[in-house]
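Participant: Here is how the chains run, residue by residue.
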Amino acid sequence: MAHVQGLRCRECGREYEIAPVYTCEWCFGPLEVTYDYDAVAAAVSREQIAAGPASIWRYADLLPVDRGHAVDLGAGFTPLVRADRLAAALGLGEVWVKNDTLNPTNSFKDRVASVALSKALEFGFKTAACASTGNLANSVAAHAARAGLRSFVFIPSNLERAKVVTTAVYGGNVVAIEGNYDDVNRLCAELAGTYRWAFVNVNVRPFYAEGSKTLAYETAEQLGWETPDHVVVPVASGSLLTKIRKGFDELHQVGLLDHAPNVRVSGAQALGCSPVATAWREGSDTIRPVKPDTIAKSLAIGNPADGYFALDAVRQTEGGLAAVGDGEVVEGIRLLARTEGIFAETAGGVTVASLKRLAEEGVVTPDERVVLYITGLGLKTLDAVEAEPTATIRPTIDAFHEAFDPDHIDEE
Amino acid sequence: MPVTVRIPTQLRELSGGASEVEFEGRTVAEILGVLEERHPGFAERLHDDTGELRRFVNIFVADEDIRFLQGLDTAVTDGQTVSIVPAVAGG
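In order, the protein sequences belong to chains A and B.
Letter by letter, the first sequence follows residues 1 to 412 in the working numbering.
Letter by letter, the second sequence follows residues 1001 to 1091 in the working numbering.
No lab work stands behind these hints: they were computed from the structure.
Hints may contain errors.
[Said to hold, decoys possible] Each computed DMTMM-like pair below joins lysine to aspartate or glutamate, with the alpha-carbon atoms no more than 25 Å apart:
#	chain 1	residue 1	chain 2	residue 2
1	A	K126	A	D38
2	A	K291	B	E1024
3	A	K291	B	D1063
4	A	K291	B	D1073
5	A	K291	B	E1052
6	A	K291	A	D326
7	A	K246	A	D312
8	A	K246	A	D367
9	A	K126	A	D258
This is chain A alone, in the form it adopts within the complex (with noise of 0.2 Å):
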């Protein structure tokens, strides 16, 4: 927190004090956090990190929050891991998935909760609100449950009902919306404008987003201090693929990088809501608002708040932008789950089935060294894939031999 040194817009570089202010009173444009990263390059170091809690909180020089107002249920530093099997099935060398279903509410969606709570406590809030599409909605529910806030939680109606339990449980205000996620997003953004609550995701989002570029903090410490050549990432709002990409900018910048990042970045949206890909598709400058209708819920963001932002990365990057379709999805999770042994929301089917289809266009090549973003777990979207037991019989030998052949059983 001591090296913040204010707000800025994006985009026409009018100056705010920090405060809980998220838009350009001038033209609309978004707020980000500006650094002395001076300061904070003679703060940081690779030891010190090493030392610091296996948590986002590891990264606290680079976190616009004082340390010591820190909600902390444990979120970040979760396993970056090879993935062989899955580089075999798509063609592919060298790829990593960084498995962030692994966090406390199972979403990367811990590592901005427990940024903006941990900010919306310093800025002497009472109460936590956000627009979720499920995974925030657990997150700030949890987070708040720990902090001591009262919660509000506005989530679509329509949402699956285990991230309806997974918020709920925790105790706090859980309201759904008959609309879907853009609705939410609005009368959230109306709301802000009435109660002194801290909505993550409106009035404390400056700071929220800037919980992402953990992702991109640890991947790099988990690869020895190094950058990969080409990440993908999933664009719902398009705030984590640009923070991803900042974060990877700024561990050069305050000198924990040896090499400057060459880093592309790609994007991956579900075809029921794809407004970046398809106006990356188009060559376009205009990112048109759509209705989603995919089952990937926790994407399905028709009018995304940053989304020029993302899109200019995967543009500067020369990275891709891929639209998979529902039927796609779900082989996503299955072909991660079945390679890898990790069992990813509809959110992660995307993901995969992104990088295939970058793959297969010749974006991501085999010479790349691949980090796969994985943001959140399976056993919240347990409805998009269906499973069921190999066989269901009688407990005997027999009944067992009855359904696999005992000549051919260990045959594969």
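Dock chain B against chain A, hints included.
Facilitator: Coordinates of chain B only, in the frame set by chain A:
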């Protein structure tokens, strides 16, 4: 019956602090024109140099994003609400 225009926090300094104002008008463009006449300063905040809506400004008529309708030419009928909402939220 006039049209209600909902003003976001960021622009209430221009509307004398009011969160809602009421005008007559047949399209969104007309309504925004009247808004500028009554409360000068709105136009340069909502539009870029080319006269288009800034990309982080969303306008809704009866809860529908005007980009799904006819943009600034979207018709507005008496009793409807036009909401101006910053786009930068969520995710």
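Participant: Decide, hint by hint, whether the structure agrees.
Facilitator: Hints and how they fare:
Of the supplied pair hints, the one linking K126/A and D38/A is violated, its CA atoms being roughly 34 Å apart against a limit of 25 Å. Distance check on the hinted pair: K291/A and E1024/B sit about 30 Å apart at the alpha-carbon level, beyond 25 Å; violated. Taking the CA atoms of K291/A and D1063/B, the gap is near 13 Å; set against the 25 Å cutoff, the hint holds. As the CA atoms of K291/A and D1073/B are separated by approximately 21 Å, the hinted pair is consistent with the 25 Å bound.
Only pairs whose Cα atoms come within 25 Å are accepted, and K291/A paired with E1052/B is accepted, the gap being roughly 23 Å. Only pairs whose Cα atoms come within 25 Å are accepted, and K291/A paired with D326/A is accepted, the gap being roughly 16 Å. At most 25 Å may separate the alpha-carbon atoms for a hinted pair to count; K246/A and D312/A meet this at roughly 12 Å. For the hint linking K246/A to D367/A, the alpha-carbon distance of about 24 Å falls within 25 Å, and the restraint holds.
Between K126/A and D258/A, the direct Cα distance comes to roughly 43 Å. Violation of the 25 Å bound is thereby established for this hinted pair.
The earlier numbered hints that this structure contradicts are 1, 2, 9.
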